[in-house]
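Mind docking chain B on chain A? Use the hints.
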Amino acid sequence: MKPMLDNDMSPNRFELLYGMLLDAIPSSVLLVDEKLHIVSVNRNFLLKSQRGEARTVGRPLAEVFPTIILENTDIERRIREVFRTGTSVKGQRMTYRAPGVPIRIYYYSILPIPTNQVMLLMEDVTEQVRLSEEVRRVERHLASVVESASDIVLSTDTEGRILTWNSAAEKLSGLSAHEVRGQYFFQFCGSNQQQTVRKVFMLMKSGNESHTTEFPLVTSNGDSILVSWVFSPMKDDYGQTVGAVVVGRDLAERRKLENQLRQSQKLAALGVMAGGIAHEIRNPLAVCYSAAEFLLMDNISTEFRNECSRKIQAGIQKASAIIENLLRFARPSPDTEMVQVDLNTVITDTLDLITNQARVQQIRIQLELEQRLVLVLGVSGLLQQVFMNIFLNAINAMPEGGLLSIVEEISEAEVAVRISDTGMGIQESDLDKIFDPFHTTSPIGKGTGLGLSICYSIVQQHLGSIHVQSSPGQGATLTVRLPLL
Amino acid sequence: MNGPILVVDDEPDMCWVMECILRSQGFEVVTVDSGEEACNQLANRDFFFVFMDAKLPDMDGLDVVRHAHAQRPGTVRVVLVSGYHYHDDPVIRQAIDENLICGFLAKPFTHSDLLKALPTS
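These protein sequences, in sequence, are chains A and B. All residue numbers for the first sequence refer to the numbering used here, where the first residue is 245 and numbers rise by one. All residue numbers for the second sequence refer to the numbering used here, where the first residue is 174 and numbers rise by one.
Hints are computed from structural coordinates only; laboratory data are not their basis. For every residue, glycine included, the Cβ atom is placed at its ideal position computed from N, Cα and C. All clues stand as given, with none of them false.
These stretches of chain B come out as covered by chain A in the derived footprint (C-beta under 8 Å, 3 or more residues):
(1) 187-193
(2) 230-241
(3) 280-292
Heads up, incomplete: computed chain A residues facing chain B, CB under 7 Å, no partners named:
(4) Arg526
(5) Asn527
(6) Tyr533
(7) Ser534
(8) Lys555
(9) Arg603
(10) Val604
If we strip away everything but chain A, and leave its shape as in the complex, we get (with noise of 0.2 Å):
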């Protein structure tokens, strides 16, 4: 066989060529003259209109395309223009259904060409057509996730210029989307942090990470709301920060149920205080039971009246003092402010609530506090709370009685306070266990294993922390650790 394209090229073979490459286009090719009549058209045209060439080759474009493209496109009235003007149209979309397939989208050109001609160049794009849609419906999707979330969140360039800021911010702020836009969100941030929230984003630019951390945003009108933060950096697919995602959840509603967990879990300590406070009134109200009795009987001395009184007194304000103490401890705290509070009177307060608890128990009290005030930044009625459940685990761990230790030691910066026991000790297994939340291995009704876990919230809400080391039989020691003032 000879080769298609040798030296001799006559002009049937240069037809027959023109013809092969038109039909391999994957476009649509039609050639209209000024009637308006097609004079040629390639394969792909056919198969896609589902037409023969006898049958389109020769007739009016008005015969080949439906009459509601030719309404639509205007088509005819463009291919005119092209003919007087000599200047081609590109891009217009067209949507075509030939009968028996389904639609299909064109974008299509009317060309000039130097034979008075011109040439309509139909492409489908039906596939991309439907993929744009399709990412244009996920857009739509994410932006309303993002829209009905109850948090904020919004997003910003690398310098921490916002971008977006979805309905929750506007919300929680009092500004709105379009007022923000192009504004450093560090502005939104109380003066004490516009520094590190500053710094954050610097991070951002090089790292991975994500950064979380606590403070307020300021609203419009002035105020300030505790929000949790959690930023971090928007990668390209080269990995390369093109800016930054910030989410933010309101504290408060979880500062009230925090709240609401502390106050129940503490009525819960009191019903284990129960025994020991019986056992605390009860005895003088007998004494004062007794002594008024004898105050009744004829015939006793002056001096023994007087002593009556006095056990009477002394008695009443006893139990009142003891019911002072549970009222203080019971009532829920008053607020949240952080205010520079001696720890020692903290911790005698707290003792002299669970001495009788102790005693009941044959458990003895060991307390070596350092002879001077231990100041720090906290809520006395938080920090009590956390004494309590420690010192009553310590008292349930001892059925049998033993030694309550209480030492606390100052270094540099911190007070560290290690509340021991001689009790039984924690199962190596359940030591890590010991701050969760439900963790217990009390039978139920005497436990709700809620103690510790609030005990580790409230020491972290005060910038401390908690550890326990214990082995099964050797006891337990909970070290309690606060930054000093």
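Quick look at chain B alone, frame taken from chain A:
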């Protein structure tokens, strides 16, 4: 059976109350404030009767009684006095069933309650 009455309570005012009531009826009274001292007393002499606090700082009142029974069976008659337990407390019922104690007195009590707890013999 002869001898004084032993009052065991770690709360001095409770000892004062019981001592006053019992002395006014002509009884001789010995008071102690710990389980250990109570054990010593019970080991060394006879008591007509014992008023025992249930919760002592060093021992449980019932354990003191158990100890005394073990050392000198059948010689100790005890009423448990407590603000910690209540009348139909299972612990109390069991102690009575076991003949560990012959009665229970809840704090606070009237003088006649205390005196009624004493055996008539």
